[in-house]
Structures are given as structure tokens and as C-alpha cells.
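**Q** Residue strings, one per chain:
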Amino acid sequence: MINTFFYTLGQGVKNVFRNKWFTMASLATISACLFVFGIFVAVVFNVNHIVKTVEEGVSVTVYFNEDVEQERIDQIRELVTRRPEVYRCDFISADEAWAEFSKKLGENAEGFTENPLANSENLQIYLNDVSKQGELVGYLETVEGIRKINKSELTANTLTGVKAVVTYVSVGMIALLLAVSIFLISNTVTIGISVRKEEINIMKYVGATDFFVRAPFVFEGMIIGLIGSAIPVVVLYYLYNAAFEFLRSNFAFLNDYISYIPASEVFIYLAPASLIIGVGIGFFGSFFTVRKHLHV
Amino acid sequence: MAEKEKEEKKKKKSRDKGKDSSKYVIYLEDVNKAYSDANGVPALMDINLKIKKGEFVFIVGDSGSGKSTLIKLLLRELTADSGKVIVNDQDLTKMRHAQVAKFRRTLGVVFQDFRLLKDRNVYDNVAFAQRIVLKSEKEIRKNVPNMLSMVGLAGKYKAKPKQLSGGEQQRVALARALVNKPTILLADEPTGNLDPRNTNDIMKLLEKVNENGTTVVVVTHNRDIVNSMQKRVITLKQGVILSDEEKGAYIDD
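Chains as they are written, first to last, in this note's numbering: chain A, 1 to 296; chain B, 1001 to 1253.
If you are wondering where the hints come from, they were derived from the structure by calculation, not from laboratory data. Where a beta carbon is used, it is the ideal one built from N, C-alpha and C, also for glycine. Some hints could be false.
[Said to hold, decoys possible] 25 Å max Cα-Cα, derived BS3-like pairs, lysine-lysine: (1) A:Lys14 - B:Lys1023; (2) B:Lys1135 - B:Lys1006; (3) B:Lys1181 - B:Lys1135; (4) A:Lys20 - B:Lys1135; (5) A:Lys197 - B:Lys1052; (6) A:Lys292 - B:Lys1135; (7) B:Lys1094 - A:Lys14; (8) B:Lys1160 - B:Lys1023.
[To be verified] Which stretches of chain A does chain B cover? Using the computed rule of at least three CB atoms under 8 Å from a CB of chain B, they are: (9) 119-128; (10) 198-209.
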């Protein structure tokens, strides 16, 4: 049995070289499909990351009634922090608010002897999902001791819209790309194996079991799938780093607004996904195509 | 009581039938086969055929006489619509797909178009038959050269099929068919693509194989070899057995 395993594995490897045209066509198809797939995944990852970064910068500011004690403020902060949609909640004292504001005023701030923002201690609330802003504001309006709530409805709504579009488009495109890839690759495998129908017939006439006939084809498919998916992953890795570097150095002004995901964080998902898809398509493609010809 | 007698009789009859079929390596009883795409026109009708171990039999007939269908039934490439097909004590009409491979290893098959694996050399083509029956590499290294010597190709074990003549390719196919020591050798037009000299050589080899105890069934329409060899000849015409004669001759229309 071990002999048979190594024999069929060896035949699978030999088949890769014996059928050069089939190997080249399958490799080209798998590589091209997974290359496009990889580019799209990398773009989607970055767009999502950028949206997330912008989202985390959107805050709701809460001001308190004049007579509110620090103890109540701490209580409110505690209640807000516990809410699931809240990502961070910072307390800004009146002094901190004035220090921040006076930085902006520069020399003009020097004339003030007392803190003109004495009543402006506040809570800066950051959300992990801006679409929940309305929900949070609704809650804050019921909390006692709050004088004023500052929010940016337009930013929140725009971001929520962008996020929804990005999600739908990326899920749709990835599904479409995968479907096209599977279709193209299985077509190549089907044609490649159909040409070798005679070879399968001969093996069956001589008394080979289905396993014995199929195993080399399946190994061959998996090897081609593995190489075909490794090529675009390696190429994309270098391309991604080059693009990353290019954007950082040539569009430096964007760096304040946009941050890109480092290659390692994208490829930790993209590399295994591509390899699994490549090997999986190679396995199932050859498994089912050979099956059609086994009933001889 | 009558019921019991009937039952006994039935059992006896079935035992006798079993005994009858066990005397033969090929046993066909009332076999019918029609192709669905031929508007139900039968390819074989009521075929009864018995071939004993060690026989040499020619099956002859024109195109469309049912020769190929008969070979396909014996190989279990097709199953009969009705009747019994027993080969090497195995009832092919009841055989499941998973058992077919094991059954075929008891047969050797040779075709008109040789059907060699084109991308493998002579040695690997013959060794393939041994590998599927899980022979060890040591046994393969011993058996394959022996078989190639028997068919006169010991010196060409490294050659690819396309580097060989038709006659040589058929010898490789014969070596592959025989290397697992089958009880029956089925040869479907084995000389159809060969010149007279190679035809004679192949037929001599088949005779030698038969002398060593293997049952040989040759499907052919080569009148000369049938007439010269004086073996049993079964003639098929339009799906029925027209004649079955010991030391027969090719019957012309």
C-alpha cells in the first residue's frame, strides 16, 4: 500500500512534466485568476482599514450641567464606557480643553488670565461602529446631568454608507472572481484530462482500480494548484511592498489621513487562502473530471 | 408436499446449471444486448457460448456482426440486457463496478490499435500491469524482462511506443496482457494493423501462449490466418451465432 502511494505520487509528479502544455495552461489560468483575486483582496483590506481608521476618529462630545459633581461625571463615564458600541471614552477637563484650545489660538491666548472654558469639561466618546451613533445619542439624552451633546450626523451617515457599499461590493466581487476562477480552472482541467481519456481507458482495461487511475491525476492537480497559487502570492507580495513604498514616498501628504496595512498583515490571510483555493481546485477539479471517464 | 418437490427440483436445476458453467472459463447463456441509440436493434441475440479452459477460439464475422459487443461483454465494459455471462467463474451480469478491476486482472487483453501508454517506455508499459496488482519492485524487475524476452523485445525495453513498428507495439501489448499470467487472453483484431509477416509472428506467439495453458479468444476477420490455423471457429452474423465448428474455416457470405 505504501509502495502504491509513492508510485502514484511519483506518477503525479511525472505527469506534471509529461503533459507540459496542460501544465502550462493550468498554471497560467490558476495564477492569473488568483493574481486578480489577490489584488482585489489587498485593495478591499486597505479600503476597509482606511474606513475603520476614519470611523475611529469620529467622536461624540458630551458637556455637563454647571452644577454636576465630578463624582457624577465619573459615573456617566463609567456607564458610557460599558456600552458595546463604545470603543473609547476620554474625559477632558476644563484645563485640558483650554490648553488644547490655546495652542490653536497661539499668541492671542495670552490675554486671558482665567480659563474662559471653565464650564467645558467633557467626554469624548469614540465608537467602534459609527452607524450606532444615533443609538448612543438617544441613550445619552436620557442620562441626567448632561447639558449638551455634540455629534456629526453627516460624517457618521456618510461613513456608514461608504462602509456598506465597500462591504457589498467586495463580497460580491470576491464571490464573482472566485466563481470565474473555479469555472476557468475546472474547464482547463476538464479539457486537459479529456485529452487523456484514452490513457484512463487503457489503465481500466488492464485492471487498474478507480483509485489507482485517479490518484496520479489528483496529485498532479494538487501540485499544479499549489504552484499556480504560490506564484501570484509571491509576485503580489513584492508588488504590494513596492506599491506601499511608492505611495508613501510619492504621496506623502496622504500619510496624515490614510494609513495602509503592512504586507504581512494582508498576506497572513491572503497566502493561506490562495494556497487552499489553488490546491482545493486542483484536487476537486481532477477528482471529478477523472470520475467521468472511469466507467469503462 | 408438491411444493417441497418443486422447490427441490428448482434447487437441483440451479445446482446443475452452476456445475455446467463451472466447466467453462467462458459461459454465455441466452445473452441479449441492444444499444439504446440503435433504436432497439439488437447487437446480440440469444447467444449461447461455452469455451473450455485451454481452448483456442476464433470469433469471426463482418462489421456489425456483434464481435466487438461480445468482447465488451466479456470484458464487462458492457452488461447484457438479459441472460448469463460467466467468465472465470464470475457472473458479470451481477458484478458491481468496484469488483470489475479485480476481475479484469484475470484476463489479458490485446487490441487492434495496441493501446499502449504513449508517454511511457516499453518496460513501464508492461510493468504497469504488475504495479496495479501490487507486485513488489523486485518481482517486477524479474517478471518484466522475462516477458519481454518471450515476445522478442528484450533489447528494446527503453523505447517509447512511437519508436516501434506496429508488430513490435503489438508484442509489447501482448507482454503486458500476459505478464500477470491470465487464464484467458482476449485478442480483438490483434493483426488488423499488421503486415503479413508480423501477423504470422503474432499468431505464432498466441499459439505458444495457448500451448502453455492459457485460453485464447481471437476476434478477427483475417480469412487466411483462420483457415490456416485449423482451430475452433465461431461465426457471428447480425448478432446471432451462424456456426460453431471445431477446426473450422472462415465462412464467406
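**Q** Looking at the structure, which of the earlier hints fail to hold?
**A** Hints 1, 2, 4, 5, 6, 7, 8, 9 contradicted; others consistent.
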